[in-house]
Each structure stands twice: as structure tokens, then as C-alpha cells.
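Protein sequences appear in the order of chains R and X. Quick note: the first sequence, position 199, residue 199 per my numbering, numbers continuous. Quick note: the second sequence, position 119, residue 119 per my numbering, numbers continuous.
Calculated directly from the structure, the hints in this document are not laboratory data. Glycine included, C-beta positions come from ideal geometry on N, C-alpha and C. Any given hint might turn out to be false.
Per label pair, the in silico range of CB-to-CB distance [unchecked claim]: (1) X:PRO380 <-> R:LEU183: 54 to 60 Å; (2) R:LYS91 <-> X:ALA327: 16 to 22 Å; (3) R:LYS91 <-> X:ASN308: 33 to 39 Å; (4) R:ARG120 <-> X:GLN238: 46 to 52 Å; (5) R:GLY17 <-> X:PRO380: 40 to 46 Å; (6) X:ASP172 <-> R:LEU178: 55 to 61 Å; (7) X:TRP322 <-> R:GLN68: 15 to 21 Å; (8) R:ASP141 <-> X:GLN261: 48 to 54 Å; (9) X:HIS69 <-> R:ASP16: 23 to 29 Å; (10) R:ASP98 <-> X:GLN238: 33 to 39 Å; (11) X:ASP8 <-> R:SER38: 46 to 52 Å.
Only pairs whose alpha carbons sit at most 25 Å apart, straight line, appear in this in silico PhoX-like list of lysine-lysine [stated by the list, open to error]: (12) R:LYS155 <-> R:LYS50; (13) R:LYS35 <-> X:LYS243; (14) R:LYS155 <-> R:LYS105; (15) R:LYS56 <-> X:LYS341; (16) X:LYS296 <-> X:LYS243; (17) R:LYS5 <-> R:LYS133; (18) X:LYS75 <-> R:LYS32; (19) R:LYS32 <-> R:LYS158; (20) R:LYS160 <-> R:LYS5; (21) X:LYS341 <-> R:LYS50; (22) R:LYS105 <-> X:LYS341; (23) X:LYS296 <-> X:LYS120; (24) X:LYS75 <-> X:LYS243; (25) R:LYS32 <-> R:LYS50; (26) R:LYS105 <-> R:LYS160.
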Amino acid sequence: MSLRKDLQIISDWIPDGARVLDLGCDNGTLLKHLKQRSVSGYGLEIDNSKFADCIKAGVNVIQADLDQGLPQFADQSFDVVILSQTLQAIKHPDFLLDEIVRVGKQAIIGFPNFGHWQCRWQLAFGGHMPISKTLPNVWFDTPNIHLCTIQDFEKICKDKQIEIEQRSVVNHAHKDTLATKLLPNLFGQTALYQLNKSL
Amino acid sequence: MLEIIPADSVGLVSPITLHIDTPLSLDCGRILPSYDLIYETYGELNKTASNAVLICHALSGDHHAAGYHHADDKKSGWWDSAIGPGKAIDTNKFFVVSLNNLGGCKGSSGPTSINPETGKNYGPDFPIVTVADWVQSQAVLADYLGIQQWAAVVGGSLGAMQSMQWAISLPDRLRHALIIAAAPKLSAQNIAFNEVARTAIKSDPNFHQGYYAEHNTLPRQGLGLARMLGHITYLSDQAMGEKFGRELRNGINYGYDVEFQIESYLQYQSSSFVERFDANTYLLMTKALDYFDPAKAFNDDLAATMANVQARSLVISFTSDWRFSPARSHEIVNALLSTGKNVTYAEIEAHQGHDAFLMPIPRYMDIVQTYMQQIADECPS
Numbered sequence: 001m002s003l004r005k006d007l008q009i010i011s012d013w014i015p016d017g018a019r020v021l022d023l024g025c026d027n028g029t030l031l032k033h034l035k036q037r038s039v040s041g042y043g044l045e046i047d048n049s050k051f052a053d054c055i056k057a058g059v060n061v062i063q064a065d066l067d068q069g070l071p072q073f074a075d076q077s078f079d080v081v082i083l084s085q086t087l088q089a090i091k092h093p094d095f096l097l098d099e100i101v102r103v104g105k106q107a108i109i110g111f112p113n114f115g116h117w118q119c120r121w122q123l124a125f126g127g128h129m130p131i132s133k134t135l136p137n138v139w140f141d142t143p144n145i146h147l148c149t150i151q152d153f154e155k156i157c158k159d160k161q162i163e164i165e166q167r168s169v170v171n172h173a174h175k176d177t178l179a180t181k182l183l184p185n186l187f188g189q190t191a192l193y194q195l196n197k198s199l
Numbered sequence: 001m002l003e004i005i006p007a008d009s010v011g012l013v014s015p016i017t018l019h020i021d022t023p024l025s026l027d028c029g030r031i032l033p034s035y036d037l038i039y040e041t042y043g044e045l046n047k048t049a050s051n052a053v054l055i056c057h058a059l060s061g062d063h064h065a066a067g068y069h070h071a072d073d074k075k076s077g078w079w080d081s082a083i084g085p086g087k088a089i090d091t092n093k094f095f096v097v098s099l100n101n102l103g104g105c106k107g108s109s110g111p112t113s114i115n116p117e118t119g120k121n122y123g124p125d126f127p128i129v130t131v132a133d134w135v136q137s138q139a140v141l142a143d144y145l146g147i148q149q150w151a152a153v154v155g156g157s158l159g160a161m162q163s164m165q166w167a168i169s170l171p172d173r174l175r176h177a178l179i180i181a182a183a184p185k186l187s188a189q190n191i192a193f194n195e196v197a198r199t200a201i202k203s204d205p206n207f208h209q210g211y212y213a214e215h216n217t218l219p220r221q222g223l224g225l226a227r228m229l230g231h232i233t234y235l236s237d238q239a240m241g242e243k244f245g246r247e248l249r250n251g252i253n254y255g256y257d258v259e260f261q262i263e264s265y266l267q268y269q270s271s272s273f274v275e276r277f278d279a280n281t282y283l284l285m286t287k288a289l290d291y292f293d294p295a296k297a298f299n300d301d302l303a304a305t306m307a308n309v310q311a312r313s314l315v316i317s318f319t320s321d322w323r324f325s326p327a328r329s330h331e332i333v334n335a336l337l338s339t340g341k342n343v344t345y346a347e348i349e350a351h352q353g354h355d356a357f358l359m360p361i362p363r364y365m366d367i368v369q370t371y372m373q374q375i376a377d378e379c380p381s
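So that you can see chain R by itself, here it is in the shape it has in the complex (with noise of 0.2 Å):
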């Protein structure tokens, strides 16, 4: 089975061999597919109702709260820790952003880009919170509690002097065209960065 796109861009920044953290691992998808290529470690989910994937998928799945941050892991266990399409459903992103940074070498994060224009164009000219395929949830019901957008990200990433390494901004389809590439806040709906901070 072929891995959804961003999930194999994500792959394809991980080195083999390597020592991985995804935190929200839903039912291992990720973490199954990287063991083919020796790379071992753990997936966080709060929710255990698909433990039973990931332990057919022979991942280490522990249940964990991320809102706690990471406090049973060292500083620089991993040689990446992984986040996708999680940071904004976290009460506290920037608080996680550290921990991601001290626990993992590497830090990958995948997130919806709340600058896309239809979100823009349904708040400036519905007047209404943005729906769509990547926000699908009503305001009022809904687990994205901290949208962002990626020139909030990118600031938040220079304010903590994380390093950018890779970016890669793809439209709803999980592809880049010449517009997401030119406009990436405008036009790509999912970002996702691959980060270091130089300790």
C-alpha cells in the first residue's frame, strides 16, 4: 500500500536506521512503513482505540497525553521526532515545539496552513470560520484549537532559533505546483518543515 503523500515526503526525510519519535501516531501507518527501512523507536497517541493496529503493525505504541510535553524522554533520544497534523490540536504548540527540540536531533512537522486562500476567503467574505477537506470540523466541534498559518510558523521557528532545513508546502492533493511554490501561504493547504536547533 502506497503511503499517503505527506507521510512519504516525511519518509523520504528520514535517514535509515534512525531512531524516531511520531508523536500522534494513529494506528502506526507511519511507523510500519519506516521499519522497513531499520528504523525503529515509538509512537504517542492519546487515543488507544487503535492499539491493536499498531500492535499488528509491530510498533511500540505508548498512550500519552502530549499536552504533558515529552518528560519521559531525555534530551536528544531521537535522531527525529516527528508531528503531523497534530500541532494544532495541542494546548500549548510552543511549549511542545520546545520539548520536540530537545528531545529529537531532527524535528519533522507537518501542519494544515491556515493562510490557504479559501480560509481567507471564507472568513474575509462568508464571514464565517473556514471549512474544508484538511479543516473539515466546525468551529464549535472541533480538535484544531491552534491554527496557524506558515509565516506564523516561520516566525515562531526563528523567535526559538529553530532552523528550517527543508520545507515542503503541497495543495490538497498532497502535490506542489508552480503556485504553492511560488505563494506557499496562499496556495498550499499542508506544510510540512524539517527543523534543527543547534544547541
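Here the structure of chain R is known, so what remains is to put chain X in place on it, guided by the hints.
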């Protein structure tokens, strides 16, 4: 009568007693020159002896974990919901071994067995055994059965402390440890509850310093009280509320007799328990719990204690368990994580309190079953 036994039961089983003449050196410094271990097995050991699973019992458990001893038995073994053909611990795939621990009162050497040196019951003179002693004796049983390495050692509560101890003491003799509703050591509050239980037993006028058998009596009152207290701590407020609420048996009589259903339940639990369980064994088991502290030998560093663990672990806790709360399981998981061990940890939403580990809660059983299936798939036949 046999047709009443359900298809997913291991059916009729008979315990086996192994007499061991090789002396066992205990943590307390004493030596058991010889001893008996009573055990049951379910399923078949494969040719390479790679599919053996050890079940470790908790405080009042025994070797009878699954199936029935007689066709007219009303009750099956204590973990029948999890052990059997097609169940979470599938006896079509695994050779399951369950024993009564040393110091028990169901057939393995303990306070109720005869001391060969005196020809009388050991009574309170049976040495206090520890979780580590149990693991040593279980390894003797494994040797006898031709099991060099368990596919898994499985336990809940005090049983989980044994699976943890196996992984620490004999790291190359198990591939997986299932550590359910556990703690890496007892808290002061846990020990306090145990001390109340022991005080209840020891202050019973029929206790006679533990030599009650010689007086042809039993400390029923004390043991019953200990069981009542234990029972309260194994359940949650919510579970008790849902089961009994403030229901009355026959209305209020403005007296001190049993009126509420919960009172009646506790009385029933304690009176049936005192007829089937030995008070000296109860004292011993609570001490084994209190003394369990594998990190003590490692400067209280649990991560260092776990450093040599080779087994992969499945750690499970239950949200309403206040005796060994999820936070206690986190301690175990964090120690395993910090040393880079393979570990999976799930916190099961359950209202049944500590006793949840014995209940067939669907998500809990699903996780155990899936995990055990993975183990079965990797067993060389």
C-alpha cells in the same frame, strides 16, 4: 454434564504436583530443603518448546486459572475469560502454565503444608517468600517442563510484579512480559492498607500467633475483615455505586445489623473467603507485596534496574484503579523507555477499579489478544 462446559473453555483440567528436592535459597536467608509446586497446564507445548506462557497469580489467586475441575463446578478458573481456545491467551496456540506460588494455600508448599522437620503444619513458621523467590521457583518448574524461554510471562497486580521480576532477574528466559495493573513498588498508602489487613488478622483472638491450626480454629473474623478492606480497595467508588448504590435489603430498622446491600455483599465475600483461604498465607502475600522493590538494589534507579531487560513489554493500566493507578504504570513505562526497550503502553478506560484487570473489558482484551497473536506468529513451531 460435559455439554454445559462452553466451547471456548479449556474444559476439565487436573492440577499436577511437582515435588522438588533441590533446596531453594530464599531472600530472607532461610533455605527450603524441599517443596511442592502445584500447577495446571492448558494447550500443548510445541516441538521447540517456544510457545509456553506463564500465568502469575495475584494475592488470592492460585494455579486454577482456567477451565473446570469437575463437570458440576459452578465457577471456572480465575482468569477463564482470558485463557482458552480462541480467547486472548489462545490455548490453541500456546502452552499455558499456571502455578500456585510458594507460601500459597492451594497445594504448593506454604503455611498449611507439613513441615518435614517437625511433622506438623508450618503455620507462621513458613519462611516469608518474596517475588524474586517466586521467580526462582517458577524457573525450576520451567526447567522441569523443558521450557528454556517463555514466549511470555503474564500477570496482573502482584502477578505483574512477577512478570517484571522475571524480565529483570532472568532476562534471557522470556521474550515478552505482560505487566498489567502494576506498580514498581508499593506506596506508603498501599503498605498502610496491608498493615490494617494484617492487624485485623493478628488481633483476632483465634489467631494464636499463627498457630490456629493447633488450636483447631481459624481467625475468621480477622481474615474476613482483611478481605473486606482489600475488596473495597480493589473496586472504585463508581463501580460500587453502580453495583449497590444505597440499596437496602429489607428497609431501615434503626439498628446495627446488615441493612445496605453493600454491607451484605462484603459480609458474604468475607465469609466465603475465610473458608477457602489461609490467614498465614494472606499475611505472607501482603508482605511479599510490601517488600517488592526491584530498584532498591540499583540505588532506587528503576531505569538502571531495567537496563538488562531483553523482553518486549506490554504494560496496561486502568483509569479507575486507585490501588495501582496509571501513574504507577507510567513509572515502569518511563524506565523502559529511557533505556530504549521495546514497550507498548495502554491505559484502559474502565470504572471497575483495580479489579478491572480480571474483567473481560473489550478494548483491554482486544489489545491483549492482538499482542498475544503477534507473539504466536513469531513462535518457531
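Here is what the structure says about each hint:
For the hinted restraint 54 to 60 Å between PRO380 of chain X and LEU183 of chain R, the CB-CB distance of approximately 58 Å keeps it satisfied. The given range of 16 to 22 Å is respected by LYS91 of chain R and ALA327 of chain X, whose C-beta atoms sit roughly 20 Å from each other. Range check, LYS91 of chain R to ASN308 of chain X: Cβ separation about 38 Å, and the 33 to 39 Å hint holds. As the Cβ distance of ARG120 of chain R to GLN238 of chain X is approximately 48 Å, the hint placing it in 46 to 52 Å holds.
As the Cβ distance of GLY17 of chain R to PRO380 of chain X is approximately 26 Å, the hint placing it in 40 to 46 Å is violated. For ASP172 of chain X and LEU178 of chain R, the hinted distance range of 55 to 61 Å is satisfied, since their beta carbons lie about 59 Å from each other. In this structure, TRP322 of chain X and GLN68 of chain R meet the distance hint of 15 to 21 Å, their C-beta atoms being roughly 20 Å apart. In this structure the supplied range 48 to 54 Å is violated for ASP141 of chain R paired with GLN261 of chain X, their Cβ-Cβ distance being about 41 Å.
In this structure the supplied range 23 to 29 Å is violated for HIS69 of chain X paired with ASP16 of chain R, their Cβ-Cβ distance being about 55 Å. Taken as a hint, the range 33 to 39 Å holds for the pair ASP98 of chain R and GLN238 of chain X, whose Cβ atoms sit roughly 37 Å apart. Range check, ASP8 of chain X to SER38 of chain R: Cβ separation about 40 Å, and the 46 to 52 Å hint is violated. Proximity of LYS155 of chain R to LYS50 of chain R is assessed by CA-CA distance (about 35 Å); at most 25 Å being required, the pair is judged violated.
Among the hinted pairs, LYS35 of chain R with LYS243 of chain X is inconsistent with the structure: their alpha-carbon atoms are about 46 Å apart, more than 25 Å. In summary, the hint linking LYS155 of chain R to LYS105 of chain R is supported, as the alpha carbons are separated by about 20 Å, within the 25 Å threshold. Taking the CA atoms of LYS56 of chain R and LYS341 of chain X, the gap is about 18 Å. The hint holds against a cut of 25 Å. Distance restraint check for LYS296 of chain X and LYS243 of chain X: the Cα-Cα separation of roughly 40 Å exceeds the 25 Å cut-off, and the hinted pair is therefore not satisfied.
Taking the CA atoms of LYS5 of chain R and LYS133 of chain R, the gap is near 15 Å; set against the 25 Å cutoff, the hint holds. Among the hinted pairs, LYS75 of chain X with LYS32 of chain R is inconsistent with the structure: their alpha-carbon atoms are about 42 Å apart, more than 25 Å. Between LYS32 of chain R and LYS158 of chain R, the direct Cα distance comes to roughly 33 Å. Violation of the 25 Å bound is thereby established for this hinted pair. For the suggested pair LYS160 of chain R and LYS5 of chain R, the alpha carbons sit about 29 Å apart, so the restraint of at most 25 Å is broken.
Proximity of LYS341 of chain X to LYS50 of chain R is assessed by CA-CA distance (about 21 Å); at most 25 Å being required, the pair is judged to hold. A threshold of 25 Å between alpha carbons decides the hint, and for LYS105 of chain R with LYS341 of chain X the separation of about 20 Å falls inside it, so the pair holds. The suggested pairing of LYS296 of chain X with LYS120 of chain X is violated, with an alpha-carbon distance near 36 Å, which exceeds 25 Å. The hinted pair formed by LYS75 of chain X and LYS243 of chain X meets the criterion: a straight-line CA distance of about 20 Å does not exceed 25 Å.
Annotation: proposed proximity of LYS32 of chain R to LYS50 of chain R holds, straight-line Cα distance about 14 Å (limit 25 Å). Between LYS105 of chain R and LYS160 of chain R the alpha-carbon distance is near 15 Å, which keeps this suggested pair within the 25 Å criterion.
Going down the numbered hints, you'll see the structure goes against 5, 8, 9, 11, 12, 13, 16, 18, 19, 20 and 23, while the others check out.
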